[in-house]
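Undergrad: Sequence:
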Amino acid sequence: EGMNISMENEYKEELQKKFDKVKKSKDKIIKVEKKLRGAWGAKRVSKPADFNTSPDTGVNEKTLLQLGERMLSLPGDKKVFRKIVKIFEQRKVMLKSGKIDWALSELLTFATLLHEGFQVRFSGQDVERGTFSQRHAVVKYEDSEEEYIPLNHLSDKQAKFEIYNSLLSEFAVLGFEYGYASVSPGRLIIWEAQFGDFSNGAQIIIDQYISSCEDRWMRQN
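Residues -15 to 205 (our numbering) are what the sequence shown spells out, left to right.
One should not assume that every hint holds.
Stated by the list, open to error - With beta-carbon atoms standing in for the labels, derived distance ranges:
| no. | residue 1 | residue 2 | range |
| --- | --- | --- | --- |
| 1 | K2 | Q118 | 22 to 30 Å |
| 2 | K144 | T47 | 15 to 23 Å |
| 3 | Q103 | N(-12) | 27 to 35 Å |
| 4 | K19 | V69 | 49 to 57 Å |
| 5 | E126 | V16 | 54 to 62 Å |
| 6 | W201 | E126 | 20 to 28 Å |
| 7 | I190 | W86 | 18 to 26 Å |
| 8 | R200 | Q103 | 21 to 29 Å |
| 9 | K18 | N(-12) | 40 to 48 Å |
| 10 | W201 | G60 | 46 to 54 Å |
| 11 | F35 | E(-8) | 49 to 57 Å |
| 12 | Q118 | Y164 | 21 to 29 Å |
| 13 | A23 | T47 | 34 to 42 Å |
| 14 | G25 | Q187 | 22 to 30 Å |
Simulated from the structure, these hints should not be mistaken for laboratory data. Values in this document were obtained by computation on a predicted structure and should not be read as measured data. Cβ atoms here follow ideal geometry from the backbone N, Cα and C, with glycine treated the same way.
Based on the provided sequences and hints, a complete structural model is requested.
TA: Dropping the structure here:
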């Protein structure tokens, strides 16, 4: 116990010395330059005028329909669960009618990005199927452990689609994906909270890094 008190006092003395030194040499204190650094190199958006124009993100109808058709094609040589086949057939009908739901529009968004050469990485709890059984980005076979990812079968030149069901630690997973995105400006990195309250476990990463990354850490994400 005596040793612990001694170590604590020694540590406090060291801190006091550093503090005194800083107070005596104000002119030598390094000023932090508020300049964005890191892999992104994007412009800081801060003035109302920065929001006056939006980039053109549209895709022509022909391309959209072609990608949708490829994305909804399942391999004919293996048995896919009947429910999945039915969902994919319903989506084909939707696509032809021009009236699509949220889940299909999300998948089409990924398809167009991949077609344009942008990698997409997606993680979270049960994201492959979708928490409400709406996504089915990974198709399971009835009689084997094999899996099929339709979004990786759009064309030979497309970018890669990665999707992973993650472990039950929102803090760890979002921290990893935030770091991944920090050095990957050319990719779309998504972490999905399974339900709204599941983001509570990741709140520290949101508060300490995501919400303050430009002002506090001089990084974009």
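Undergrad: When the hints from earlier in the document are held up against this structure, which numbers fail?
TA: Numbers 1, 3, 6 and 13 - these are the hints that the structure violates, sorted from lowest upward.
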